[in-house]
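Engineer: Use the sequences and the hints to build the structure in full.
2 protein chains.
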Amino acid sequence: MSTNLKTKFEYYKNLTNTNLENFFNELNYPQIISSGMKYSVLNGGKRLRPFLLLATLEMLNIDIKKGIPSACAIELIHSYSLVHDDLPALDNDDLRRGKLTTHKKYGEANGILIGDALLTHAFYLLSEKNLNILSADKIVKIISLTSKYAGINGMIGGQTIDIESENKQIDLPTLQYIHTHKTGKMILLPIEIAIIIANLDDVKSNVLKEYAEIIGLTFQIKDDILDIEGEIDKIGKPIGSDLELNKSTYPSIFGLEKTKEILQEKTKEAKELLLNTFGETSKILIELADFIANRDN
Amino acid sequence: MSTNLKTKFEYYKNLTNTNLENFFNELNYPQIISSGMKYSVLNGGKRLRPFLLLATLEMLNIDIKKGIPSACAIELIHSYSLVHDDLPALDNDDLRRGKLTTHKKYGEANGILIGDALLTHAFYLLSEKNLNILSADKIVKIISLTSKYAGINGMIGGQTIDIESENKQIDLPTLQYIHTHKTGKMILLPIEIAIIIANLDDVKSNVLKEYAEIIGLTFQIKDDILDIEGEIDKIGKPIGSDLELNKSTYPSIFGLEKTKEILQEKTKEAKELLLNTFGETSKILIELADFIANRDN
Numbered sequence: 049m050s051t052n053l054k055t056k057f058e059y060y061k062n063l064t065n066t067n068l069e070n071f072f073n074e075l076n077y078p079q080i081i082s083s084g085m086k087y088s089v090l091n092g093g094k095r096l097r098p099f100l101l102l103a104t105l106e107m108l109n110i111d112i113k114k115g116i117p118s119a120c121a122i123e124l125i126h127s128y129s130l131v132h133d134d135l136p137a138l139d140n141d142d143l144r145r146g147k148l149t150t151h152k153k154y155g156e157a158n159g160i161l162i163g164d165a166l167l168t169h170a171f172y173l174l175s176e177k178n179l180n181i182l183s184a185d186k187i188v189k190i191i192s193l194t195s196k197y198a199g200i201n202g203m204i205g206g207q208t209i210d211i212e213s214e215n216k217q218i219d220l221p222t223l224q225y226i227h228t229h230k231t232g233k234m235i236l237l238p239i240e241i242a243i244i245i246a247n248l249d250d251v252k253s254n255v256l257k258e259y260a261e262i263i264g265l266t267f268q269i270k271d272d273i274l275d276i277e278g279e280i281d282k283i284g285k286p287i288g289s290d291l292e293l294n295k296s297t298y299p300s301i302f303g304l305e306k307t308k309e310i311l312q313e314k315t316k317e318a319k320e321l322l323l324n325t326f327g328e329t330s331k332i333l334i335e336l337a338d339f340i341a342n343r344d345n
Numbered sequence: 049m050s051t052n053l054k055t056k057f058e059y060y061k062n063l064t065n066t067n068l069e070n071f072f073n074e075l076n077y078p079q080i081i082s083s084g085m086k087y088s089v090l091n092g093g094k095r096l097r098p099f100l101l102l103a104t105l106e107m108l109n110i111d112i113k114k115g116i117p118s119a120c121a122i123e124l125i126h127s128y129s130l131v132h133d134d135l136p137a138l139d140n141d142d143l144r145r146g147k148l149t150t151h152k153k154y155g156e157a158n159g160i161l162i163g164d165a166l167l168t169h170a171f172y173l174l175s176e177k178n179l180n181i182l183s184a185d186k187i188v189k190i191i192s193l194t195s196k197y198a199g200i201n202g203m204i205g206g207q208t209i210d211i212e213s214e215n216k217q218i219d220l221p222t223l224q225y226i227h228t229h230k231t232g233k234m235i236l237l238p239i240e241i242a243i244i245i246a247n248l249d250d251v252k253s254n255v256l257k258e259y260a261e262i263i264g265l266t267f268q269i270k271d272d273i274l275d276i277e278g279e280i281d282k283i284g285k286p287i288g289s290d291l292e293l294n295k296s297t298y299p300s301i302f303g304l305e306k307t308k309e310i311l312q313e314k315t316k317e318a319k320e321l322l323l324n325t326f327g328e329t330s331k332i333l334i335e336l337a338d339f340i341a342n343r344d345n
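Chains V and R are the protein sequences, given in the same order.
Mapping of the first sequence onto the numbering used here: residues 49 to 345, in sequence order.
Mapping of the second sequence onto the numbering used here: residues 49 to 345, in sequence order.
Subject to a maximum C-alpha distance of 25 Å in a straight line, what follows is the list of computed SDA-like cross-link-like pairs (lysine to any residue):
id : chain 1 : residue 1 : chain 2 : residue 2
1  : R       : K94       : R       : F339
2  : V       : K152      : R       : K152
3  : V       : K86       : R       : I209
4  : V       : K152      : R       : E156
5  : R       : K196      : V       : A184
6  : V       : K257      : R       : E176
Keep in mind that the hints were calculated from the coordinates and are not lab data.
Note that the coordinates shown come from a computational prediction; the quantities given were computed from them, not determined experimentally.
Structural biologist: So, in structure tokens, the structure goes:
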């Protein structure tokens with residue numbers, strides 16, 4: 049990661065975490081839920097989704113403060129999805145980032161309720177905390193989009209088909225549905241929210257959405273590659289867990305070398321799209337595309 | 049139930065169900081989630097919460113169409129809470145209204161995801177389906193209120209303390225917290241949404257909120273009485289299940305006779321409040337208060 053990108057990541061991450069902490073400080077009772085919400089969210093994540101929202105706003109010359117409640121809400125939704133995914137009935141994971149998963153620490157019943165509370169509170173932040181920052185029209189658009197991308201037509205849809213596809217040979221369209229929905233929509237969401245906040249014209253909006261769709265895909269492809277080639281202490285989960293679940297992935301369909309080629313091609317495409325439309329102002333988002341393709345965790 | 053009240057119940061219920069079905073018809077893939085969402089919601093419920101919203105609007109002379117998306121959204125939230133409550137880690141129930149619970153029919157992983165999808169879709173209805181019906185300002189207020197009353201400071205808070213209190217002697221304030229939050233907030237919600245839609249003045253709003261809080265309580269007290277005295281084929285769950293879980297209830301704190309007195313007093317109070325402020329126009333909501341106190345299931 050370039051020093052420039054690293055500095056930006058740190059900056060947006062700290063800003064997001066500070067605001068998340070402030071929002072959490074308003075919550076007290078029941079203590080096990082408020083404490084579990086904090087534990088699940090303030091866990092040392094990179095805050096990629098807030099980064100996307102805030103960096104896009106900055107590129108478009110919009111005060112990034114306007115994106116803070118939405119950025120935090122997206123992190124609550126992302127976190128709730130991890131909390132529920134880790135449950136025994138789903139992935140049954142005991143550890144996340146080297147720490148006990150939420151249901152392991154707070155018990156399974158509370159794990160379910162903490163996830164529910166995070167999801168619900170995301171919509172509280174989107175409505176209540178955007179009130180004096182954005183027009184009501186924009187808030188309603190943002191909430192509509194968020195509920196669509198997080199729900200049956202977005203993340204939950206992708207997660208469902210992902211589970212259904214375990215131990216099954218699936219075709220490329222199914223794999224692509226999983227990628228675009230399970231992780232893709234929640235990477236598209238912060239960029240689309242920035243577009244709404246900035247009132248961006250259609251041409252520029254479409255370029256940004258295409259960029260977001262591509263990096264959503266490269267993010268997933270790189271994850272699949274790391275699952276084969278990564279170092280366990282860097283990626284924080286066992287290598288080969290996809291193989292173990294017999295998951296179809298880009299490498300299992302195209303082979304590892306071809307997958308790496310696709311990753312580089314797609315990354316190049318995303319970068320060129322931005323450069324042609326936004327020029328030098330898109331420097332940070334261009335560096336991000338490279339980072340996603342080349343990261344080691 | 050009076051013929052008058054019965055007719056109204058049927059009317060609002062059919063209206064709610066028709067609209068729920070229409071909203072569900074927009075959902076297809078993944079089939080197991082869309083099918084599970086329908087199964088969990090279209091299960092023969094009384095639609096008490098939509099009734100409260102629509103009857104209040106009608107009393108206030110507001111077109112009840114303005115309340116339909118919100119009424120449906122509340123039912124999705126109510127249903128998701130039942131789906132998650134029934135899970136093995138929580139109440140571990142196999143049957144609801146004589147049919148398999150959602151996780152028993154669709155598997156536990158899908159049960160969790162179906163609940164998540166219902167909760168998320170409620171906010172989709174509140175934002176997207178209210179768009180051409182209510183002003184954006186009102187929509188944002190409704191969403192903020194809904195997320196508050198369904199989340200850690202509302203229903204989820206109450207549910208958490210209810211679970212924590214099993215097999216424990218709890219004091220009256222704790223029991224009242226459970227009642228006002230676990231069931232109370234979601235009974236208050238439809239009436240407060242009607243208040244927002246109708247732009248009602250503070251004096252009348254406060255009377256309606258007080259009414260809603262009282263019937264939220266009497267609803268719960270009556271449930272506790274039915275758990276002791278009800279007939280199994282009418283209430284659809286085993287008698288004495290509270291006793292079995294060693295749950296503190298109004299009867300366990302005050303005794304059965306005193307609890308019945310409280311129920312009648314509170315019901316009288318709710319009815320007088322309405323009659324004094326809204327006169328004859330409040331007839332249906334007054335009949336509802338009686339129905340809640342005297343129902344046999």
